[in-house]
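We have chain G; now place chain W onto it with these hints.
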Amino acid sequence: MKKISRRRFVEGTSAGIVAVAAIPAVEAQQKSPVTAATQSPVPRTTIKLIVNGVDHRIEVEDRWTLVELLRDHLELTGTKIGCDRGECGACTVLVDGMPLYSCSQLAVWMNGRSITTVEGLAKNGKLDPLQEAFIEHDAPQCGYCTSGQLMIAKALLVSYEKKNAHPTRDEVRTAMTGNLCRCSNYNHYVEAVMAAGGTAPSTGGGNAA
Amino acid sequence: MTPLKTVGHATHRIDALQRVTGAAKYTSDVHLPGMLYARVLRSPHPHARIRKIDLSKAMALPGVKAILTHENCDVTWSSGDQLNQRRLFNNPVRFAGDPVAAIAAVDRHVAEDATHLIEVDYEVLPFLTDLEEALKPGAVAIHEGGNLSLNNQRQPLPQTYKRGNVADGLKAADHVFEDNFTSAHHNNAQLEMRVSVAEWSGDKLTVHAATQGIANCRTDIAKDLKLNVDNVRVISEYMGGGFGNKNQCQDSDLMAALLAKEAGAPVKLEFTRKEDFVAVHGRWSSRQSYKVGVKNDGTLTAIQFTALTGAGAYRKGSCDLSGTEIYQVAHLETSVSPVYTNTAVAANYRAPAYPQAVFGIESLIDDVAYALKMDPVEFRLKNMTRKFRDQTPYTSIGLEDCIRKGAEKFEWKKRWKPVAGSGPGPVKRGAGMAMGMFGSGLGRSSAVVRLDGNGQYQLHVGVTDVGTAAKTTMGLIAAEELGVPLEKVTVVWGDTDTCPYSVGESGSRTTVQTGMAVIEAVRDLKKQIAEKGAPKGSEVLTAMATTNPPPLQGVSRNSFVAHFAEVEVNVETGHAIVTRFVSAHDSGRVVNPLTAQSQVQGGAIQGIGMALHEELLYDKRSGLPLNAGYYGARIMTHLDAPLVDVVWVETDEPYGPFGAKTLGEPTIIPTVAAVANAIHNAIGRRVKSLPITRDKILGVLA
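Each protein sequence line maps, in turn, to chains G and W. According to the numbering used here, the residues represented by the first sequence are 1 to 209, in order. According to the numbering used here, the residues represented by the second sequence are 1 to 702, in order.
Chain G on its own, in the form it takes in the complex (with noise of 0.2 Å):
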């Protein structure tokens, strides 16, 4: 069976996603993947990143992916990991304020950006509108997709708010539908969004015609 090294699968896997979500040019070195049967030393590289407004300067190998970065290595684990394959959206951060799955990322990859989690939607000691919201809406039940719920979210108000207006209930469905919900509470994640978002809660209707 032919191998497929973690940094190919990803590379392979995001090609998709550059096209739509036009992520900015890769700026880390390209090197060939290593198998572990060579046992050859990983590749590491040395980034700067900016996570939750504080400098990082870190030498990661070549094969963590952001998450993994987040996760393992910033000690910052409010960002879940529910399928490290892109299909699930747990993994949600904002990378200069661009939604993307953090599963799908490589950690050199983010050489020079500014990373927000959900660690850092508070301000001040003082809770994010939309964090108020979802507590007020009972929107996490087992709560292991809310972190990724709410940074898509953000990036969806943010760009409402620049544009002055409100999102529909249909429109919050659609720029959410890349964050699964097994606990399914999904009535009550598009309430509080658009409660946060400033939407009357009577606009558009679900799938009702």
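Rather than coming from a laboratory, the hints here were simulated on the basis of the structure. This one's a predicted model, so the numbers in the text were calculated from it and none came from an experiment. Ideal placement from N, C-alpha and C gives every residue a C-beta, glycine not left out. Any given hint could turn out to be false.
[Said to hold, decoys possible] Estimated spans, in silico, between C-beta atoms of each pair:
{"no.": "1", "chain 1": "G", "residue 1": "Thr168", "chain 2": "W", "residue 2": "Gln153", "range": "56 to 64 Å"}
{"no.": "2", "chain 1": "G", "residue 1": "Met98", "chain 2": "W", "residue 2": "Pro418", "range": "50 to 58 Å"}
{"no.": "3", "chain 1": "W", "residue 1": "Glu408", "chain 2": "G", "residue 2": "Asp72", "range": "52 to 60 Å"}
{"no.": "4", "chain 1": "W", "residue 1": "Thr392", "chain 2": "G", "residue 2": "Gly198", "range": "48 to 56 Å"}
{"no.": "5", "chain 1": "G", "residue 1": "His56", "chain 2": "W", "residue 2": "His116", "range": "26 to 34 Å"}
{"no.": "6", "chain 1": "W", "residue 1": "His9", "chain 2": "G", "residue 2": "Glu132", "range": "16 to 24 Å"}
{"no.": "7", "chain 1": "G", "residue 1": "Glu59", "chain 2": "W", "residue 2": "His116", "range": "24 to 32 Å"}
{"no.": "8", "chain 1": "G", "residue 1": "Val54", "chain 2": "W", "residue 2": "Thr2", "range": "50 to 58 Å"}
{"no.": "9", "chain 1": "W", "residue 1": "Glu572", "chain 2": "G", "residue 2": "Gly53", "range": "51 to 59 Å"}
{"no.": "10", "chain 1": "W", "residue 1": "Ala172", "chain 2": "G", "residue 2": "Thr168", "range": "54 to 62 Å"}
{"no.": "11", "chain 1": "W", "residue 1": "Lys536", "chain 2": "G", "residue 2": "Met98", "range": "54 to 62 Å"}
{"no.": "12", "chain 1": "W", "residue 1": "His116", "chain 2": "G", "residue 2": "Met98", "range": "33 to 41 Å"}
[As the list claims (entries may be wrong)] Below, computed lysine-lysine pairings styled on DSS-like, alpha-carbon distance capped at 30 Å:
{"no.": "13", "chain 1": "G", "residue 1": "Lys126", "chain 2": "W", "residue 2": "Lys488"}
{"no.": "14", "chain 1": "W", "residue 1": "Lys532", "chain 2": "W", "residue 2": "Lys5"}
{"no.": "15", "chain 1": "W", "residue 1": "Lys25", "chain 2": "G", "residue 2": "Lys126"}
For chain W alone, kept in the frame of chain G given last:
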């Protein structure tokens, strides 16, 4: 019912802040100094004997610390399987995904790399994926004794139930209807994958487990590893969903513990998403056959029900089916046969025996109603259960109100079409309904409550809170009984060192079982306060209660539910969506309407996914799973989910805490059938196999 001060009011979760800030620590967030990471090598074959395993290359990889296989680890995973003596590592392997080896290494990449360096020599054996083929004479035996699994009495016979005489009942009928239905194996698919972190300190073992029951997890680990239970501690602070697949202890708990022992360092074992789909478990599939007798006036006279259910490669759950009990009928026979195949294991998934069986009986009953030109709602009101198994009175029953109030909220008369398929195309609308019931599990539970000199109460309960808001529910029940605001009660949970035994969050029993222990402990504390006065300074008063209710004699306690669905079906593309949904529940008094609504809406939306999308498909030629993972499973997304209106029918339940009954599992029971009936109402044809995918819709229309 008299309104209460705390119970019955919409209340935020006591841990909501932790859940929205990323502060909540789940098992996968636990990081211990010197911790190793583990990965599992799994069988690529559906059925094979392992001739030889060569670990030399893997062990030579720098950073590999320990490897377990069937050759050096003969441990029975008993809580996973009571019948087959299932080992952690089996030989032969019986499904693609059966564990072959577990590796602990310095990081996750080295552990992953090592799995590729283990060389396994397999003797590939013939395999089975089909239930009926598995029972044919001469079929390859997956276990000794054949492929028909044992019934609840451990006999190689079907699980049966009988009342009256079906032959008499069918003779008394004016019409007899017969039909067959099938349902698919599909996955719990909770967001948090299977994960365990194990650490030894001398002969004491601590396991951070993603479990629905810390107490059961602990006793099971002790039993399987032959440890004194006092030497095992289980911690589960936050838990990322399970819907039944994190009951008891898991193979990952045992593997992590054994690897940690072998390597002399803490070990974290996380399954991948694909492993979670293939190698944990999903809901058992079924092949159902019914014969139903009915009089001209719509009175049911007999139901005969036989079924095969798909246990997968090992027996891990009851593999039973429950649906016919929602009808009053004098003559009833049921027979259910769990069957082994070389496929993923089936076990508990939210109301394990119900939604697939209710799909079968409620589809057929719908057809009976149409044939007799009766409104399906009226047919059900006429024939619904009044006593459990037609004999035992219910402690409380709000089923009729669920049907009537649900129908009213749904605007049934307006939306349901007396002639199925009569709407204009190509996008046709239709409405359907179905009903269900559920009895909560029993079991021992304890609670400890203490009051300190500062007037603060501490409630210790052995819950983990699987997403149901169980901690908050326990706090509300304590606060109500104490007559204090919820803020005065600190809830302590999720650690066997600090919490007393609790039955575990399965069978929808935490509110009704552990909740009663909370009330009794509080009553004891209040008695002590009355006798001794409130504690002052460093004084503390403590009370503990254990409840272990025997099954109720002469009465039956059940929750009831009726679901109503409206669908749109494009008859050109076969695309179906649910556009409107009403879920009417009799769960007694609702302890927390806010979090209860979350559960009811979530259960219904999960059920819509089961109805329309979800199936773990197997390639019959290779015996391999084809679509493990979220994309393939097509679980519900934001865009698939309709608004779910919730109707509460609050009966006054005499046996529950403040009149509460069970809630979590009934929420999904009739959903699938309601959606199936709505699709039939829209297109005038019936799909008799779950999931009701586009190709099947186009198939019945062709």
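ask   = Which of the listed hints are broken here?
value = Violated hints: none; all satisfied.
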